[in-house]
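Asks: Take these sequences, add in the hints, and give me the full structure.
Read top to bottom, the protein sequences are chains F and A. Under the working numbering, the first sequence is numbered contiguously, ending at residue 265. Under the working numbering, the second sequence is numbered contiguously, ending at residue 265.
Derived from the structure by calculation, the hints contain no laboratory data.
It does not matter which identical chain is used: a pair holds within one copy or between any two.
Capping the alpha-carbon separation at 25 angstroms, the derived lysine to aspartate or glutamate pairs in DMTMM-like fashion look like this:
no., residue 1, residue 2
1, Lys222, Glu26
2, Lys244, Asp219
3, Lys15, Glu100
4, Lys222, Glu161
Keep in mind that this is a model prediction, so the values were computed, not measured.
Protein chains: 2
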Amino acid sequence: MAKTKYKEKGRFKKTERRRQILLELKLRPHVRISELATRFGVSTETVRRDFDALSDEGLVARAHGGASAPAQGHYPTLDERESARIEERERIGVRAAELVGEGETVMIDSGSTTIQMARALAYLGTPCTAITNSIPVAMTLGHGSAQVLLCPGEYLAAESAVVGTETLEFLVRFNVDRCFIGSSGFSEEGPSESVRGFAAVKRSMLHRATHRHLLIDSAKFGRKGLAHVGDLGDLSSIVVDKRPTDGLMRALEAASVETVVAE
Amino acid sequence: MAKTKYKEKGRFKKTERRRQILLELKLRPHVRISELATRFGVSTETVRRDFDALSDEGLVARAHGGASAPAQGHYPTLDERESARIEERERIGVRAAELVGEGETVMIDSGSTTIQMARALAYLGTPCTAITNSIPVAMTLGHGSAQVLLCPGEYLAAESAVVGTETLEFLVRFNVDRCFIGSSGFSEEGPSESVRGFAAVKRSMLHRATHRHLLIDSAKFGRKGLAHVGDLGDLSSIVVDKRPTDGLMRALEAASVETVVAE
DNA sequence: ACTCAGACGTGGGCTATGCAACAAAATAAT
DNA sequence: ATTATTTTGTTGCATAGCCCACGTCTGAGT
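Replies: Shown next, in the form of structure tokens:
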């Protein structure tokens with residue numbers, strides 16, 4: 003109880019300092035311990051303790067000698083398994099990016115796998131027009147040879163993407179050659195998504211594209227998310243890191259969905 | 003000439019390594035020299051040289067012991083003068099953020115001053131709805147108590163904002179309590195902007211808002227940008243760091259524009 | 001007033017990083 | 001094949017940062 007009271011009233015010095023750190027990191031990608039120690043007139047140890055505390059809360063990313071702003075987009079912990087997953091997603095992304103032809107128009111969904119694809123596409127430098135509701139995708143492609151149209155909508159910080167009726171209204175105004183979507187689950191019933199607003203966006207993209215690609219990590223095979231995105235028949239192809247298991251594979255063949263295995 | 007040829011063909015090792023660094027930084031906010039040196043099987047000096055090169059190109063932000071992803075939005079060099087300017091912009095931003103009442107709807111323009119305002123507004127935690135064409139503004143506010151509507155449009159990487167006909171079409175659908183715009187110049191003739199596409203967006207925001215605020219740094223007084231944004235009469239108030247000089251001040255009074263001096 | 005927990009500073013031993021100059025290796029140009 | 005250029009590695013040293021333990025100070029609770 004005593005502890006809580008301390009916190010409630012708070013030592014101005016400490017909370018204010020940490021607030022400053024967070025504000026600073028919105029302006030600059032990286033701050034140094036030594037620098038802040040000088041500016042605040044405190045010892046480096048104090049700043050170090052601040053960084054550690056903020057880091058525990060996930061508000062900053064610790065680095066040697068300083069701290070960086072936590073990545074935009076979403077990024078769970080980067081433990082062993084996650085890093086491994088990233089490699090698989092990268093393979094999927096690369097393979098998917100190769101599907102885009104020069105001068106084509108594409109829609110790109112939000113999600114970590116599609117971000118990987120955007121990276122690969124930026125690297126390939128394929129001139130094309132991309133429509134997306136994902137901020138990281140827009141930012142990644144925007145530096146390259148692609149023209150990027152960003153969808154309107156309500157901004158969701160957790161996903162770094164926009165959703166909502168504005169997004170849907172916007173999408174129906176376009177027809178594209180291809181769309182690339184991800185999903186949080188994929189079963190015989192088709193892709194499904196846990197974040198409800200996103201399911202509608204993915205569905206809308208599927209309706210506006212001639213070729214419809216699902217980028218899906220094998221870890222999600224068989225998993226069913228909250229909201230149904232579409233049937234297997236709504237897909238032209240899936241880009242995966244591993245061949246699906248028999249049951250799913252048969253369903254895919256029955257629905258004449260092409261399976262593209264990356265690598 | 004010989005030099006160019008080397009570059010053209012390129013050493014795979016180097017370019018590939020640097021590409022990996024950039025890719026890694028899209029996933030993580032910070033990478034360490036020592037870590038990459040191990041992973042690539044090269045010396046730390048080599049990685050350091052890579053970082054320096056990438057840093058010169060503005061593709062990464064150097065840090066002690068590693069490098070961070072360059073900040074979203076655009077931040078020119080942080081030399082002495084720029085840092086000083088930032089303080090002034092921060093004052094302007096804080097003052098402007100105080101103008102927003104709870105539950106109000108606002109439009110926020112793109113630009114470094116408005117990013118500062120977004121920071122201050124996020125800090126204040128004023129519940130409100132913001133419509134913006136600036137990615138950094140959306141990302142900053144999106145984490146807080148504000149609801150953020152992002153405009154559609156073509157994404158301009160250099161400004162981290164969207165522009166174009168889609169943006170304009172979107173804006174006319176809304177009416178808001180206030181708008182906050184910046185500009186690259188400000189004279190007796192009113193605000194002006196060097197990036198042509200942005201002038202139209204700013205103008206559109208001015209038309210949709212009851213209270214129209216211009217956030218302007220005193221260094222821009224008297225400067226005239228390429229495109230005219232609007233007349234002095236189109237503004238309700240200007241938020242500045244210093245009182246304008248006589249000639250401009252008189253013009254402002256004649257147009258009954260309120261002058262808010264920050265600090 | 002007294003007590004005590006939290007916050008901060010200090011000092012020392014240690015490791016990691018930065019920097020610069022030079023050597024070695026790889027590769028393109030001739 | 002040889003040379004020129006670029007890239008990378010190595011070495012040594014100065015600096016910066018990390019970590020730990022302990023001492024001091026402040027302010028809240030009693």
